[in-house]
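Engineer: These are the residues of each chain, in order.
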Amino acid sequence: MAKSHPTDPTADGTPVIALRGVTKTYANGKSALRDVNLSVPEGDFVFLVGPSGAGKSTLIRLLIREELATRGKVMLEGRDLARLKRRDVPKIRRRIGIVFQDFKLLPNKSVRDNVAFALEVTGTPRASIKPAVERVLRVVGLAGQADQRPSELSGGEQQRTAIARALVHAPHLFIADEPTGNLDPLISWEIIQLLLRINEMGVTVLMATHNADVVTALRKRVVGLEGGRVVRDETGAAYHRED
Amino acid sequence: MIAFVAFSLKRAWQGFWRNSLMSLAATASMVLMLTLLSGMVILFLGLNATLDYVKGEVQVVAYLNDSATAQDVAQLTSQLQAMPQVSTVKYVSKDQALKNFQVSEPGVADLVDSLPSNPLPASFEISLRDPSDYIDVATFLRDQPAVDSVQDIAKTVSQMTAVINVVSTVGIVVLLIVGLTVLFIIVNTIRLAVVARAEEIEIMRLVGASDAFIRWPFVFEGAFVGLLGAMITIGLLMLVQAPVASLLSSFFNVLPVQATAMVGQNVALMVLGTGVGIGVVGSYVSVRSYLKR
Chain P
0 MAKSHPTDPT ADGTPVIALR GVTKTYANGK SALRDVNLSV PEGDFVFLVG
50 PSGAGKSTLI RLLIREELAT RGKVMLEGRD LARLKRRDVP KIRRRIGIVF
100 QDFKLLPNKS VRDNVAFALE VTGTPRASIK PAVERVLRVV GLAGQADQRP
150 SELSGGEQQR TAIARALVHA PHLFIADEPT GNLDPLISWE IIQLLLRINE
200 MGVTVLMATH NADVVTALRK RVVGLEGGRV VRDETGAAYH RED
Chain H
0 MIAFVAFSLK RAWQGFWRNS LMSLAATASM VLMLTLLSGM VILFLGLNAT
50 LDYVKGEVQV VAYLNDSATA QDVAQLTSQL QAMPQVSTVK YVSKDQALKN
100 FQVSEPGVAD LVDSLPSNPL PASFEISLRD PSDYIDVATF LRDQPAVDSV
150 QDIAKTVSQM TAVINVVSTV GIVVLLIVGL TVLFIIVNTI RLAVVARAEE
200 IEIMRLVGAS DAFIRWPFVF EGAFVGLLGA MITIGLLMLV QAPVASLLSS
250 FFNVLPVQAT AMVGQNVALM VLGTGVGIGV VGSYVSVRSY LKR
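If you're matching them up, the sequences are chains P and H in order. Those letters in the first sequence? Residues 0 to 242, per numbering that gives the first Met the number 0, in order. Those letters in the second sequence? Residues 0 to 292, per numbering that gives the first Met the number 0, in order.
Bound conformation, chain P alone (with noise of 0.2 Å):
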């Protein structure tokens, strides 16, 4: 798991991530970000909130470079992602584990075929493969059902799957979009409690939710957007502004 030490470029207190100015317009003239600023620092937990198409999709595409901005800087951990080199952009999505509402999970692998398809794809030796994915399916209480295939799975089995998948490159940014989207009340607090504990351990979460009594119920800090803008920040708070 990811923890800091001396030579990690994030200790020195550069923020995870970074957006100055951040406009994004896509081609159709569609203005989904305008001039958003934002800084998480690491090991932060920050709810991304805001009615649909107020701009969290794009941000987070911004943030794992599946997009670029418009205009503005977009920095991951001190890295401008806009000068960063086409084959350099997936060395820095290994440092970034994300889910989704719909799982993206392959149906036809078991969950530990699943979970080691990350590391297989991005060359990691084969001896390091099964102890890495061993110890992840165990943080997300997977180890049992480690055979199973997805369509053998409840829904928030599914979504731990992904999280372990998420997790097995050891990321330093954790971003959750929607995640209990699809999934009932009980499970979902079920997959908030494993992305405080991933908090806990270091990794700095952003998740993306419209979840008001997970927010609310949490305290952490609170990022709105509206048409695109960031209409407020706040530490603490609930998932309708108290004021």
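If you're looking for bench data, these hints aren't it; they were derived computationally from the structure. On a predicted model such as this, the values are computed, not experimentally measured, just so you know. We put the beta carbon where it would ideally sit given N, CA and C, even for glycine. Each hint should be verified, as a subset may be incorrect.
[Stated by the list, open to error] Dumping the calculated DSS-like pairs for lysine-lysine here, alpha-carbon to alpha-carbon at most 25 Å: (1) P/Lys84 <-> P/Lys72; (2) H/Lys89 <-> H/Lys154; (3) P/Lys90 <-> P/Lys29; (4) P/Lys103 <-> P/Lys129; (5) H/Lys9 <-> P/Lys129; (6) P/Lys103 <-> P/Lys90; (7) P/Lys90 <-> H/Lys9; (8) H/Lys89 <-> P/Lys108; (9) P/Lys29 <-> P/Lys72; (10) P/Lys72 <-> P/Lys90; (11) H/Lys93 <-> P/Lys103; (12) P/Lys129 <-> P/Lys108.
[Stated by the list, open to error] Simulated restraints on C-beta separations: (13) H/Ala211 <-> P/Asn107: 53 to 61 Å; (14) P/Ser153 <-> H/Trp12: 27 to 35 Å; (15) P/Ala237 <-> H/Trp12: 49 to 57 Å.
[What the hints assert, rightly or not] Cβ-to-Cβ under 10 Å is the rule here; a few derived chain H residues that face chain P: (16) Phe3; (17) Arg17; (18) Ala195; (19) Glu199; (20) Leu205; (21) Val206; (22) Gly207; (23) Pro216; (24) Tyr289.
Add chain H to chain P, keeping to what the hints say.
Structural biologist: Using the frame of chain P, we list chain H on its own:
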């Protein structure tokens, strides 16, 4: 590096069988198209062989005066052989001409015996490298005192040259069109196979797989489809080769049939190269559109 190739090959193999329906569709269209293509190529090669044969048959025949001496003959022979347009020169003496006549017209052989002297002239039979050079050689021969007359086949030659040119051009055009169609259909089928795996590619990108790790398994899979398609096609061709060859040789019994083995080898190599090549290029192009972002 070896681990990477092994990984890619393993994933290519798995990918082929996991989407077996799509892979078999791609292989089937590969076989269909390669068979069509090799059929066209064989036809084209046969046509070319026929044209070459016909070209070789174009001869300038020059009849000599009976007064021509052995020295005249020797001199003319060496002059003709020195001409770049000429491939072979054959001298047919008066006696030889008579023998040939007796062999080719056995019904009138007795008649020849009753003649007081041999009425047939000696002649040169000159094969040309290119039938269109006929005029040059014929003009040269007409100017020679020892030559009595030159058989006039100018019209035949010019007609034949025209036909040969048209037929070769049409052959090349048809071959090109078939080849491009084959390329287009196979690339599209492979593209469909790649689209079916879009989610897998997306996951690979998200977990930080490098472009090479995403691309090469697909390229190997394409090569595998090409290889399999080519081998099936070659098998099919070998099955039909014997009956088709006998059919062809009974059709064009004048053709030198010993060329078949070499033609077979060349066609097999072409099928193999085209199959694997299209498979590789097709997958490369199809995956590239996913990696561009």
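Engineer: Which hints, by number, does the structure contradict?
Structural biologist: 3, 8, 11, 13, 18 and 24
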